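Sequence lines, in order, name chains V and L. One point on numbering: in this note's numbering, the residue at position 123 of the first sequence is 123, and numbering is uninterrupted. In this note's numbering, each number is its position in the second sequence, counted from 1, plus 1000.
Since the hints were made in silico from the structure, they are not lab data. All values derive from a computational prediction rather than experimental measurement. Be careful, since some hints might not be right.
[Said to hold, decoys possible] The following label-pair restraints were derived from C-beta to C-beta distances:
(1) S270(V) to D1058(L): 10 to 20 Å
(2) V1190(L) to S108(V): 52 to 62 Å
(3) K213(V) to V1081(L): 45 to 55 Å
(4) V1190(L) to D64(V): 39 to 49 Å
(5) R81(V) to L1076(L): 22 to 32 Å
(6) D99(V) to S1315(L): 21 to 31 Å
[To be verified] Simulated coverage check for chain V against chain L, where a stretch passes if three residues somewhere in it have a Cβ under 8 Å from a Cβ of chain L:
(7) 62-71
(8) 75-88
(9) 151-160
(10) 240-254
(11) 272-286
Each residue gets a CB set at the ideal place from its N, CA and C atoms; glycine is no exception.
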Amino acid sequence: MSGRFPRETTHPPARPFCKARPLRARLIASILATTACLLVIPQTASSADDPKARAIMQRVDDRDDGDNQISNMQMVLIDKRGNQRVRELKSFRKDKGEDTHSMMFFLSPADVEDTGFLTYDYDDPDRDDDQWLYLPALKKTKRIASSDKSGSFMGSDFSYADMTDRPLEKYEYELLQETEVDGHPVWVIQSTPIDEEEIDETGYTKSIQFVRKDIDLVIRAKTWVKKGKRNKYMEVQELEQIEGIWVPTVMTMTTKKGKETLHKTILRTSNVKFNQDLDFDSFTVRGLETGP
Amino acid sequence: MNPSSEGADAPDGVGHLGRIAGRVLLAACLIASLIAAVAQADDEELDDMMGGFDDDFDVAELDDLEQEIPAWLAALPFGEVLYERVDLGGSIAAGAVWNYLSHTVADGNGGRTDYGGLSRLDLDGFLQLDIQLPGEWQIRAEALGWYDFAYRIQGRSDYNGAVLDVYEWQVDTGELYIAGPLHDNLDLTVGRKIVNWGRSDTFRVVDVVSPLDNKEPGLVDIEDLRRPKAMVKLDATRGPWSGQLLVIPEHRYDRQPPIGSDFIPDIFANQGLGGTAQIDDRPNFSGVPGLAAKFDGRFSGWDFSLYGAYLDETSRVIDSDGTPNGVKSEANRIGMLGAAGNITRGAFLLKAEFAWLMDTRTIRILVPAPVPPPFPALLSTERDRIDSMVGIEWYGPDQLTVGLEVVSRQILDHPDGSNGNAFPSVLELTPASGYETALRITRPFFRERLEVTLLGIAFGERFQDGGLFRASADFELTDAWKLEGGWLVYFGGPRIGIGSFDSNDRIYAEAKYSF
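Can you make the complete structure from the sequences, with help from the hints?
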């Protein structure tokens, strides 16, 4: 910074009043240059990748979440008038190397009961996920394409992007602060997508995550939604350690515009079981059609 | 050098330096305060960035997730087992259809039936019982039925018996089967089951197994669209490969609009085609069972299926020996070899289907009414047909989906050897060549509370043979209640099929309670 300041002073702005008062002009130029440096440098820094922040996010990504998991999910969708809708799902997940196979079935509401969703989520960011949807009313499994993950997950405030791991290499990270949330020390890390493609796919221009230092778990996140100038606030409201693995059992996701709450989702997870006898043949169209 | 001038200069020089020093100090102060201000602004910006979370959420206020067995059920013998293993669900719906264009239809008995105004006001019920058995076996039993009050309101005597039979009321079983694993990778299903083959959302190419409920073309609820057949079904899976083998002893057929309904062209009723046909209503389980098989491979980004079938066409077909009394509506056994596949690329899904259908029934008019009127002479022959479909779906932002499908149906060795009608003044019952195009656009709104669908189907390579357009909306009133409404428009063409329905435009609404 000190190297840039004097260099700027040697190039006063070529305006008439500056010629009449060269010293004041230089001072003003100096202040403007300083201001520019102060404003520009942090922004430059914010878009640069911070190795410490990346290392933290790598630890979050590497956190043990079990090789496979079975759980029940309940989503309460609450609109801004307080009206509630409830969706209940049964979820199955199994890791295959760095990839994840998952299957979800609607348990309620009744008119979509047994609707199933099978996903092969690939770690390679250049590879499209494979997805199939089982529609019990049609008695048919339908393959679907998957490039846009910004859409709402089952009408909730969670998007499909929120429900899957995002590739670390698609983001730059910056450690903003170290603070406490509910008495737990946290790192506050800003994630910025490195390209428009990732922004288009997730719908987020940036996010900040609060990572609990003791368990490497994101317990809060705020995201900036590209469309509609909205923010989404994710909060882990309740955590349980199940079979040695920390599981958020109650989470909320709130969509706000300014300070106004537009919609809110409470996501509750129950009957969580890890390391079950799930084989990969369960994560097939056959498994989707035979139901949970 | 003038000392006085030097002495006079000295204070001026000191003053000048002082002024410079003062300005530098001022600049330093300004810079310092600016740095402090920017730093404070940064802190506030960071606080703003990190703020906005709700601190008043109380987990203790949430309902208990664990559902308890109702007391009345717990009091029953085996109540707990019933609660764990038996699931009874279903729906009750009330619907209405209003034909806003006044029109009449030939009833096949020399009269005409008025189909303007209220054409449906029904109560519709559906029950589904699932029983979980040990060893992952399952029993499913479905029942459905409806009663349509419109016929009483409009006057039952205005409709012929066939129309009342098909439309006024119905009670039927839906799926009724037992299914479970014989082995880790082998499942068996025995009973009445719906099988839906193919990749198309709109057209049937390789989908030859389950008959349709086609009593209101373009308007039948998706849940009621296919009719199950009794079968023994084996499904085997290993990795990305799977296979299916069906033995189908039951013969059931499409539920079609009868003569005198709103969906049979006057020309049929007036010429007696079908109206005089003797319906072959042999018992469902007579004759040679149908056989069908499928083999699938599913891979990352693409999949394919191969199909083979030897079974009855899903619809009864007209058979004629060329004499006025020789017209019959009967089953027709066909063979089918087919293939289908999907490819995904980013937001696009490509799909294709192909079927070689052997011995499909082709009905031809020999001569225009050489025998006592009103019957033209008909002759049925059996010909092979090649059906193929290509389609593309685009999954856009906000869950917008746009799908386009085009299907071609070509009869091989068509009897008159051309695509033209040998006798232009009379019906072309089975044209040698046919094309159908469907464009479907769907998008949910209000967090999937409202879903809007636009569907256009056109017949003919230049859409010259008529078609339909449907705009519909589903609205989720509560978790249990759903409202549906729509507008269905038929547009005309010269052919005997959907092209003749252009006065059948209607609006419809339904309220449905699911449990």
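For each hint, the structure was consulted:
1. S270(V) to D1058(L): 10 to 20 Å: Since S270(V) and D1058(L) have Cβ atoms about 18 Å apart, the given range 10 to 20 Å holds.
2. V1190(L) to S108(V): 52 to 62 Å: Roughly 29 Å apart at Cβ, these two residues miss the hinted range, so it is violated.
3. K213(V) to V1081(L): 45 to 55 Å: Check passed, 48 Å falls within 45 to 55 Å.
4. V1190(L) to D64(V): 39 to 49 Å: Given about 44 Å between the Cβ atoms, the range holds.
5. R81(V) to L1076(L): 22 to 32 Å: Check failed, 41 Å falls outside 22 to 32 Å.
6. D99(V) to S1315(L): 21 to 31 Å: Because 45 Å falls outside the window, the suggested range is violated.
7. 62-71: With 0 residues in contact (Cβ-Cβ under 8 Å with chain L), the coverage given for the segment 62-71 of chain V is violated.
8. 75-88: Satisfied; 4 residues make the cut.
9. 151-160: With 5 residues closer than 8 Å to chain L, the segment 151-160 of chain V meets the three-residue bar; holds.
10. 240-254: holds (count 3)
11. 272-286: Satisfied; 5 residues make the cut.
In summary, the numbered hints that this structure violates are 2, 5, 6 and 7.
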